[in-house]
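Now for the letters of each chain:
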Amino acid sequence: MDFDLSKPQKMLQDSVKEFLSRHCPLERVRELMGTPTAHDPELWEGLTDQGWVALTLPEAFEGLGLGAVDLAVVTEAMGASCMPGPFLSNTLGAEILARSGNDDFAAEILPGIADGETLVTVALLEETGSWDPENVRLTIAESESGLIVTGTKLFVADAESADRLLVVGRLDGDLAVVSVPRDSAGVTVEAIPGVDATRKLYRVVFDDAAGGTLVVRGDQASKALHDATRLATVAVCAELVGGMQWVLDTSVEYAKTREQFGRVIGSFQAVQHHCADMLYKLENARSAAYYAAWAVSVDDPGADRAVSVAKAYCSDAAREIGNLGIQVHGGIGFTWEHDLHLFYRRAKSNEILFGDATFHRERIAALVID
Amino acid sequence: MDLTPSPREEAYRNQARAWLDVNVPEPYKGEKSIADPSYVDYLRAWQRKLAEGGWLGITWPEEFGGQGLGSIEQSIFNEEAARATAPSVIGHVGVALIGPTIAMIGTPEQKERYLRKLLHCEEIWAQGFSEPNAGSDLGSLACRAVREGDDFIVNGQKTWTSYAQVSDWIFLLVRTDPGAPKYKGITCLLVDMKSPGISVRPLRMMSGDSVFNEVFFSDVRVPVENVLGEINGGWQVAITALMHERMNLGGAIPVELSHFLAKVVDLARQRGLTDDPVVRQKLAQATLELDVYKMTSARAMSAVGKGQAPGPEGSILKLFWSNYNQWLVQTALEIAGPYGQQMAGDYEELTYHYLRSRGNSIEAGTNEVLKNTIANRVLGLPKSY
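First to last, the protein sequences are chains X and P.
Each residue of the first sequence is one higher than the last, beginning at 72 in the numbering used here.
Each residue of the second sequence is one higher than the last, beginning at 695 in the numbering used here.
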């Protein structure tokens, strides 16, 4: 048994960190927050040049063919930089295409994703706010002129920067995924202001929108969605770990330098115990995230449980570490000027993404009780 | 990263399992009380069997009856023993802490005299560390030993001494130089519990049982040859012993907790509560935290297996265990409803655990001291005392 990253994974880790420290410092994150899409084409070009955008895509589709642990290594570093933009939404969409079994369509779209020409996102959530595809109601109808999509999707990440929307809906009662070009007639994209301004969310209305291509339907659609979401959930967990590490490091550094009552505040046990509690949650979150990454990478029979365990633990831990980090900083931690709130906001959006702790605990309960 | 067990680990596990299948005795019938000589005999017989089978002191050097293997193998065996619900090892303190320390720093005569008997349960050992005024601050211990010819004369008191009432020897920290800085005036003595002047008084805990004791020393004579390590070098000896204790702990805890969690899930079923969303959330939380505990333990073990010191993950496991166990027992009692107060029948064990678990965040390092240590040693924050 070996819990360590391999040598190539450690090199990957170093190069992503190094790349982001140069191309995505926190000043740049703040600039991008203020733009309509938070998408930086130049940064994206750098990421695609390195192959990271297509890290887990099969080589047949111009990807690097790497696994979930490698993806976790990359997104952990992205989380530590609070990297803005569509990396996660695009990864989820690309993975659905790669797993759809519709190789003709995948071969048409994925190479464009790998070289940075195309961006995709996934439209799943509806008014119910449910992450379970079982609850999807949007209608996809077949007509003489092709597929007609009707309904409203909410909290669609990066819809404005995406070229194609992978819309999850019902086709004759079957779960189905349809790829709709964003600029199709009948598609309206409207921003929803979100707590995390580094990843923009949208309401997308499909008013008898035509021009969509059926990607996959039925059991195969459920499976592709399940597997792609599982991988993307691992990526989110690792991103949360990266963010938690930043909050802990920044808080400990502050506790070592900030003085009150003539001593550094890090010499007070009340502050020390907050920091120790943060480390405790962070290291457990790290164990859970990387265990889940490994389980997904080998398609372990326990992978679903491991992913729900990781998402539940990391979601709660990131929020609590954020709470403690702000508390350790005192007043300065509560200001707009300090970068803590960027990570605090990201932690909240990641907590919600693909189901919060309550959602995943119910999944675990179904596995162990029912 | 590869979290599948290596073929070597699997082979060792199979070997352990095969031996345990044949050798684990029937569960003890009757009250498992250390005050009951027949229960003590039952436990002694089990330890002898383990020693004869070569399954005790797995990390000990082979020349002293051990297997000369690492913590990974010890952890695998602990895990299998827990899975087979094997009885506990009555001489655990000796096997895990004291034996390896004697093997490491004892004189050839001391090794010859003590180790074999310790392993084979001919002699049970107690650990004389804590005192009424030296708990978390162990270095301030005050039990005195004064040199008189070839003997030390010991006066003072120890407390929280596990199994002292059945112990033959005690591994005793005493102050031999009151003028020196506190960590530099301590000596470790190996003391025969039959020496005149020693008396043992069991400490009754809030849970009602008495595993711990107070031990009183009144002009107890200990020959100088029974010093372990250097005179006034006892603090290093104590640190070595505690380091060995940590190496021995892995493996059993997650399995025992899994057994307990399975019982709690069954209890929820019996009480018809498995559709209650609040109960489902709590059972899921219990499940996921135990999974995470196992993952963090595996990370620490993986580092140890490569000969590295565990990283930050190693420092949080004790804290994790005490938090988890206390919370799980509390949750179990909530699920038990009014039965959670019944100290009889099926519920007695549960109610006992509820009371007993209060000690978890105090014994073997209080939560507060552990957090101080994490802040200081792992995060590099200044010492607060």
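Derived from the structure by calculation, the hints contain no laboratory data.
Note that the Cβ used here is the ideal one computed from N, Cα and C, for glycine as well.
Do not rely on the hints blindly, as some may be mistaken.
To be verified - Distance windows between CB atoms, simulated: (1) P:L936 to X:G373: 28 to 36 Å; (2) X:G200 to P:N717: 50 to 58 Å; (3) P:S856 to X:R101: 32 to 40 Å; (4) P:K726 to X:G289: 29 to 37 Å; (5) P:P699 to X:S86: 55 to 63 Å; (6) X:E102 to P:D960: 31 to 39 Å; (7) X:Q398 to P:R841: 52 to 60 Å; (8) X:T429 to P:P731: 24 to 32 Å; (9) X:A212 to P:P699: 51 to 59 Å; (10) P:Q709 to X:G200: 29 to 37 Å; (11) P:L897 to X:E324: 41 to 49 Å.
Unchecked claim - Here are some chain X residues the structure puts well away from chain P; computed CB gaps all over 10 Å: (12) M82; (13) E89; (14) L135; (15) G337; (16) H409.
We went through each hint and held it up to the structure:
1. P:L936 to X:G373: 28 to 36 Å: Holds - the Cβ-Cβ distance for P:L936 and X:G373, about 35 Å, lies within 28 to 36 Å.
2. X:G200 to P:N717: 50 to 58 Å: With Cβ atoms ~57 Å apart, the hint holds.
3. P:S856 to X:R101: 32 to 40 Å: 58 Å, violated
4. P:K726 to X:G289: 29 to 37 Å: Violated, at about 58 Å.
5. P:P699 to X:S86: 55 to 63 Å: 32 Å, violated
6. X:E102 to P:D960: 31 to 39 Å: At 57 Å between Cβs, range violated.
7. X:Q398 to P:R841: 52 to 60 Å: 53 Å, holds
8. X:T429 to P:P731: 24 to 32 Å: 52 Å, violated
9. X:A212 to P:P699: 51 to 59 Å: With Cβ atoms ~52 Å apart, the hint holds.
10. P:Q709 to X:G200: 29 to 37 Å: 53 Å, violated
11. P:L897 to X:E324: 41 to 49 Å: 45 Å, holds
12. M82: With a cut-off of 10 Å, X:M82 remains clear of chain P, as the shortest Cβ separation is near 14 Å.
13. E89: Its Cβ never comes within 10 Å of chain P, the nearest being 22 Å, so this holds.
14. L135: X:L135 is indeed farther than 10 Å from all Cβ atoms of chain P, at 17 Å.
15. G337: 4 Å, violated
16. H409: At roughly 20 Å from the nearest Cβ of chain P, X:H409 sits farther out than 10 Å, so the non-interface label holds.
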